[in-house]
Amino acid sequence: MPTKEYSEETEAFCSIRPHAVITTNYDGLIEAILSDYQPVLGSGLITAPFASVGEIFKIHGSVDKPSSLVLTSEDYDIFSAKRKYLTAKLLTFFAEHIVLFVGYSAEDPNIRRILEDLEEAVDLPGELLRNIFFLTRPGNGGAGAERILQVSASKGIRVNSIEASDFTWVFEAFGHNAPLANFNPQLLRSLLARSYNLVRSDIPKQQVEVDFELIAEKVKSEDEFARLFGVASMQSATEFSARYKYILSDVGRSLGYPGWHGADKLLKKIVEEKGVDLKATDNRYHSKVKVGRKSEIHKYTDDTIGLLQLVKDGAPYEIENDDDACVATPAG
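Note that the working numbering has the sequence shown beginning at 10, numbered continuously upward.
Worth flagging that the hints you see were computed from the coordinates, not collected in a lab.
Be a bit skeptical, because a hint or two may be false.
As the list claims (entries may be wrong) - Here are the computed lysine to aspartate or glutamate pairs in the EDC-like style, where the Cα-Cα straight-line distance is at most 20 Å:
1) Lys297 to Asp286
2) Lys274 to Asp259
3) Lys299 to Glu248
4) Lys278 to Glu248
5) Lys164 to Asp126
6) Lys164 to Glu129
7) Lys278 to Asp322
8) Lys299 to Asp286
9) Lys277 to Glu329
10) Lys297 to Asp322
11) Lys91 to Glu129
12) Lys74 to Asp84
13) Lys297 to Asp259
14) Lys278 to Asp312
15) Lys274 to Asp311
16) Lys297 to Asp311
17) Lys321 to Asp273
18) Lys283 to Asp322
19) Lys288 to Asp259
20) Lys274 to Asp286
21) Lys74 to Glu40
Start from the sequences, fold in the hints, and give me the full structure.
In structure tokens:
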């Protein structure tokens, strides 16, 4: 864990809440600091979803899994052979996010290769890459606001340069624009993993208030998560239609009435006798379905017909409120 000497820097680093962390370190220090973030080892970065967030990409492996470590010259040769796939993934981060290099020398061969690939991809000779920052201690390459990194014998790349003996103020500055501020990365990863890709042309511009506690609770269940966003599988929709297949007129006619009025009177009788309004909630007897923006339709089940038949006949009855399948039967 961080020493007391660097505790303020560590706290400031946590405030950044980055989209992701990419490291060549083997140890578990970053996982200990960013406990909500998920470690991804080695080539796992290549197969990770494009929209993945809140992850620590350990491209040289981890001490927790010795077989993943990139240590020997042979390991580095294998790593270099796969570099083009890794670089392609990293370029998506570099193109869409602010990138802060911390603790890396500009002479690091891994960094130089990645930046060389980046320079070729963006094709901006001589222009400053405004979203890339190098943070170094004094004496590691100059204190100018910009610096040119020589990525090959004939190519250089211009990036932002920050030199500081204490990184706290730098991390705090980046923390003011934290990408995942007020978000739980674990929750966000769970949401993304269970979400569908939706394409629409009228993306709303206004801010939307979100109850993250509700989402956190609902995301634990795939069914509840689907209901939260108004999405259900085709199987669920078919099951619903098969169960809630009657409108009130159908129920009334099944009970021998010419229309819905007789059944409605029986529902009101249940309210008087049991204090339960079946139409007020979605339950095993009734479900309210929204149609369009303002209209709604009430649907009923075979259980409703069985229950109302008992009410009509004056027989004892009980209202079943559990979620199990039921058949209305006379009370005991």
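Hints and how they fare:
At most 20 Å may separate the alpha-carbon atoms for a hinted pair to count; lysine 297 and aspartate 286 meet this at roughly 13 Å. Among the hinted pairs, lysine 274 with aspartate 259 is consistent with the structure: their alpha-carbon atoms are about 14 Å apart, no more than 20 Å. Under the criterion of a C-alpha separation no larger than 20 Å, the hint pairing lysine 299 with glutamate 248 is consistent with the structure, at around 17 Å. Only pairs whose Cα atoms come within 20 Å are accepted, and lysine 278 paired with glutamate 248 is rejected, the gap being roughly 30 Å.
The hinted pair formed by lysine 164 and aspartate 126 meets the criterion: a straight-line CA distance of about 11 Å does not exceed 20 Å. About 10 Å separates the Cα atoms of lysine 164 and glutamate 129, which keeps this hinted pair within 20 Å; it holds. Among the hinted pairs, lysine 278 with aspartate 322 is consistent with the structure: their alpha-carbon atoms are about 12 Å apart, no more than 20 Å. Taken as a hint, the lysine 299 and aspartate 286 pair is honoured in the structure, with Cα atoms around 19 Å apart against an allowance of 20 Å.
Between lysine 277 and glutamate 329 the alpha-carbon distance is near 17 Å, which keeps this suggested pair within the 20 Å criterion. At most 20 Å may separate the alpha-carbon atoms for a hinted pair to count; lysine 297 and aspartate 322 exceed this at roughly 27 Å. At roughly 18 Å between alpha-carbon atoms, lysine 91 and glutamate 129 fall within 20 Å of each other, so this suggested pair holds. Only pairs whose Cα atoms come within 20 Å are accepted, and lysine 74 paired with aspartate 84 is accepted, the gap being roughly 15 Å.
Distance check on the hinted pair: lysine 297 and aspartate 259 sit about 16 Å apart at the alpha-carbon level, within 20 Å; holds. A C-alpha spacing of about 17 Å is found between lysine 278 and aspartate 312, which places the hinted pair at or below 20 Å, so the restraint holds. A threshold of 20 Å between alpha carbons decides the hint, and for lysine 274 with aspartate 311 the separation of about 18 Å falls inside it, so the pair holds. As the CA atoms of lysine 297 and aspartate 311 are separated by approximately 16 Å, the hinted pair is consistent with the 20 Å bound.
Only pairs whose Cα atoms come within 20 Å are accepted, and lysine 321 paired with aspartate 273 is accepted, the gap being roughly 11 Å. Restraint check for lysine 283 and aspartate 322: the C-alpha separation of about 16 Å stays at or below 20 Å, so the hint holds. About 16 Å separates the Cα atoms of lysine 288 and aspartate 259, which keeps this hinted pair within 20 Å; it holds. About 12 Å separates the Cα atoms of lysine 274 and aspartate 286, which keeps this hinted pair within 20 Å; it holds.
Restraint check for lysine 74 and glutamate 40: satisfied, since their Cα atoms lie roughly 14 Å apart, inside the 20 Å limit.
Of the hints listed earlier, those the structure fails to meet are numbers 4, 10, in rising order.
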